[in-house]
Structure formats: structure tokens, C-alpha cells
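Chain order of the listed sequences is A and Z.
Read left to right, the first sequence gives residues 8 to 348 (our numbering).
Read left to right, the second sequence gives residues 163 to 446 (our numbering).
Just so you know, these hints were derived from the structure itself, not from any lab.
Be aware that a few hints might be false.
[Claimed, not checked] In silico DSSO-like cross-links for lysine-lysine, where the CA-CA straight-line distance does not exceed 30 angstroms:
id	chain 1	residue 1	chain 2	residue 2
1	Z	257	A	287
2	A	24	A	11
3	A	32	A	50
4	A	179	A	32
5	Z	230	A	287
6	A	50	A	179
7	A	308	A	213
8	A	48	A	179
9	A	50	Z	275
10	A	179	A	11
11	Z	275	A	48
12	Z	275	A	32
13	A	32	A	188
14	Z	275	Z	410
15	A	32	A	11
[As the list claims (entries may be wrong)] Computed beta-carbon distance windows for the label pairs:
id	chain 1	residue 1	chain 2	residue 2	range
16	A	38	Z	371	22 to 30 angstroms
17	A	72	Z	379	28 to 36 angstroms
18	Z	379	A	347	57 to 65 angstroms
19	A	197	Z	206	53 to 61 angstroms
20	Z	196	A	178	46 to 54 angstroms
21	A	13	Z	379	48 to 56 angstroms
22	A	38	Z	318	27 to 35 angstroms
23	A	81	Z	360	27 to 35 angstroms
24	A	52	Z	205	44 to 52 angstroms
25	A	281	Z	281	37 to 45 angstroms
26	A	88	Z	257	51 to 59 angstroms
Ideal Cβ placement from N, Cα and C applies to all residues, glycine included.
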Amino acid sequence: MILKDEMLDSLLTELSKEQIVYVPKQVNGTTRFAPYVSSDKMKLDQVNTVMPPKDLLFPQTQNMYHYGVEKNSGNMFIDPVIESADQILFGVRSCDMRSFDCLDAAFLTKGYIDEFYQAKRDRLTTIAIGCTEVSETCFCESMGQDPNHAPQADIQLRHGEGGYNVTAQTEKGEALLEKFKPFCEEGEVEVADVHCTLNVDASNIKDNLDILHESHELWDSMSYKCLNCGTCTFVCPTCYCFDIDQENRCKEGVRFRCWDSCMFSEYTAMAGGHNPRPEKRDRVRNRFMHKLNYFEDRYGKMLCVGCGRCIEKCPVSLDITVLIDRANELAQAEETEAAHA
Amino acid sequence: MSDITTTLRERARALMEDGTIAAFIGWEAGRFERQTTPLICLDAADTDRLIFDEYCVNTTAKYVRDLKQRGRIGVAVRGCDSRAINRMIEDNQFKREDVYLLGIPCPQMNDRKTGTVLNKCQDCAHRNPVTYDELLGEAMEETAPQDRYARAHLVSGLDRIARQNIFNMAFERCIRCYACRDVCPCCTCRTCFVDQRNVGWLGKQDNLSENRFYGMIRAFHISDRCIECGECERACPMDLPLMAINKKLVEDMNTLFGEYESGMTTDNEDALRSFSKTDLEEFE
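The task is simple: from the sequences and hints, build the whole structure.
The structure is reproduced here in C-alpha cells:
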């Protein structure tokens, strides 16, 4: 089924009647997924938005409950806030689709269901677009993704000359496809596959980091230049750490959770002043170990999808692919040494 | 440019080998074309990786703080780096004898994607290092920027509402990663007000009011010390026009307390930390 380019706006306008449709676009000086408005130009040719779509499911600041004391009765109250709405995420790329697998694993498996996340997740429909170009920092293929196809998406689009091939991949997708039909025609456009230009060998990275988890040579050299800002964690589609805090006004308040970053020294600060990760080396190590080793251990997948945002935005160009290369090198050297010993 | 790279490597290596310095801070090539990244040499062999070209966008002086316990630290400095060093000496982060400075007159740095001069370098008034132990290459003739406060025009001269709109637009997209603070050579507080959680100056929620509070307090806090290097704006992943705010404050400092440039020496009298009978009394 083909969706012609010129029909795209009509389709999105139709879809927007019943749900909020998030599309990649320029908003206030940056690019992110934001509600579709027919007059706003979308950034569908853009490789990746600056901000990932994770805030649709896991907002940077999310209210959890209101509490307080009622004025007249003096009774205490606690009102949970669980926000949820039917949402469509349109134009998401394979890497960001994969990031939802990671978030799902963290928030919905291992015996605990995060209801705030689930309420949003259950009502999300995803329409992925295969990449038509790659940025120099894209390395999703090295992390096991296919830039042309996102198997998790409800509907997959692929752009070719004049239009998109439309394929439903899930039941949810089949249902939404009915809405597509009036705007589509039979047939298929020819599409061309793209491939990442940045490739690293991440096939053994978990095992290699098992060997190197205490390697000063690796972690010292990788962390010297880190500033310990939170840029990499906040632009990351899979970083899911949060902190819980509250805001009080007179006799009322709201408890909220907000993104936190393992790059901040405060992240591990304990009551009484002890900090188990006192140096930036400890924090850098934790971030990369979590991405490439601990998460794999616990959930059987990498917590890095290869979107390249951290590489693009790091103020000091600290590059996860350089770390992977370096770790492979050092692990190999260590193995050779062990064999000789 | 390549001869500067060669001299830089030679001198850094010699200084490490003869024990003058314990570490050297410069730049090395990144993974991508025209990309560089800060390099910290702890071993004489590391100095072979040093480079200097027109894409060395990072101001690296702040790393001295992390390394100073190792001994004397060598730093490759341009105008901005040397002013950052002076600034940190004045703020008691380390002493002049703790650093050995290899000065490099700066050709102005370029944006690796567009190849044009970086925003932060466009109104630079001091391309030659203002302090150094050795100068590599010939000092260049300084060209005063046409308008030191060009960036401030984004907000100066506007009425309150228009100005507020600009600040709101900017801080609405702030993600509070604190890259601006972490890269800033003036931001050397032992505990930043942001991290004083128990005092509660700043809420952790990301919203306009908290973001604006963070950005403005930081700007005011460095207003008489900002060395105008523009690193905060370059580091910002959300492209906030931070230098418009900083330059406006620098302009105000100059108007209110007289001609002043931070980081040019180590014995400046910072406007907000010194008293003069001639200070303007606006509230008479």
C-alpha cells in the first residue's frame, strides 16, 4: 500500500482528530517530537531529533500525586495523578523504537509494573519510518538494529520516490491501518536501503567489560575529559533513571519524579555525606557499564541503541564508540597476555 | 598550523621528560573529520597525539583543577584559555606556579560542520594568550571586535515584556544538564547552589520557572567574572543563547563600574567583590 507524499498532511490531520499525533519537528530552537499541527513543517528528512521520544512515556518531570490538608474539614488527602491519553508517535526511527524495548524492560518486567509508565505505554501507537539517510554519528547497526526497518513498530513506513510503503506489523497497527486506507492506493514504491557509516564491533563488549570492569587503564583514560554534565543521559533515548521530590505550597503539595543523571555527583550522595561514586571515573564507568554490561546481564539486551545523540551532543566529544573500540583492544591484549602466562 | 602541532608536541614531551610538568592538557583528533577532543597527557608518549588546528573548539583550562594534585600541569593556552587560567588563579583554584603555559596565538576556531568561524570566536578581542611561559609561534596583531556587546543586542534595548519572552523561550527548552556550569571556568564553587538540595534553592523539576531561576542566578553569579569565552553557549545541547545574557551583564558591569575585562590579570578588582566610593549610586 502506498501513501503518496501529498496525502500525508490529510492523513495526519485525520489521525489528529481522535488522538494526539507526535511528529518530529522544530520547536522553539530545537528538534523533538511534538503534536502535529498542519501549518508546522515536519522534519521527516532529519536523521534524529535532538531530544528522543522517551518523554512521551517518561516525561522529564511527571507528577505522581497531590497531597495536603483540606481547609474546612482538616482531613488529609492524597490524590494519585496517572496521566494517560491515546497517542500516536509518527516518524520514529528504528533506534528510538528499540529504546522502547529497553524502557519496557526496565519499567514493566522483573516483577514490578510502573503504573505511570504503563498507563502511557498501553495507549501509544507507533508509526516508524525507515531511515533514508544516516548521520555520521549513527551506529545502530553495530548495536543490532536495522535503520530501514523497526520490527517493534505498529506500522512501518518506508519512503521511496513520491511516497511511503505502508505495512502494519501488529494488531494495533492493523486497526489503525483502516484509517490509512482512504488516503492510500494499491502498489509499492521502490525503496533503497541505507547503512550506517560508523561501525564498531559490539558483539563481545559485554564479556570484554566483564574482564575490564576494574581496568584503570580503560576507565581513567576514558573519564579524564568528562565534565560530569548530564547531557549524554538527558539526550539518551534509553536512560531511565529518575529522582522523586516534592514541591510544597502552604498545606498542599505535589510529589513528582524527574529525570536524574548518574553523571551528577549528587545522584549517589547518601544521607550523612558518604558518596559511593566519589570520582568522575566512577560515574563514567557506571554509565558505560550500565549501558553495555549490567543491563545486558539483567535484561538480556544492551541499553544502547546506537542513535548517536550522546556522541553528537557531548561538549567534550566523549564517544561511546571509541570506548567500545578501546575496550575490545584492551580485552584482547589482556587475553593474549593471559594465554602467554 | 602543522608546525604549531610539531612544536607543541616537542615542547610538551620535553617538559614531561625533564620533570617540569606532571601532565599536559591539549587536544587530539577525534573520530570524525575535523573533530578534536581534549587530551590529557599523563605520559610523555601521549604527547605524540597532541594536535593544534582551527577545530580545537574546547577551552580546556578547567581540567587543571582535576589534575593539580599530580604536580605542575602544562596547558596549551590561547587567549580564552589563558584568561580562564587567570580567572581560576584569582578564584584561588590553584597558583600561577602550579601551571606551565605554552601559549599559542589563536587563528580563531571553526565550526566543524559549517567550516565557518565559531560563534564564540567571532567577537574575540584577545586571540594571543594574555599570560604564558613560552609562546609557540608569532604573536598576532589583535583586531578589536566591532562591537564587544553585539550578542547582548538580542536582549538589550527591549522592553521588559519582550525581554522576558526571549528568556522564556530559551529556558523553556533548557534540560538542566548543567553543561554550561560544568564547562565554565568561573563556576568553581565547591558546592553549587543547585546541588544544595537540603537548602532547597532550586527544585529538581524541569519547568520554566526553575530553569529560568537556574540560568539567571548562574549568569548573575558570574557576571563580574565572566571571561566571555562563550564555552557555555557552545556546550549547550539545546542551543540556548546564553552569551546574550552574559554579554548583557558584562556590558552592565562596564557601564556601572568602569572599563573592565575579567581574566586579563590575576589581580583584578572584581566589581561585585570590591568597594569604591565612586561606585554609581542608582538609588539616591
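When the structure is checked against the list of hints, which entries are broken? Sort them ascending. none
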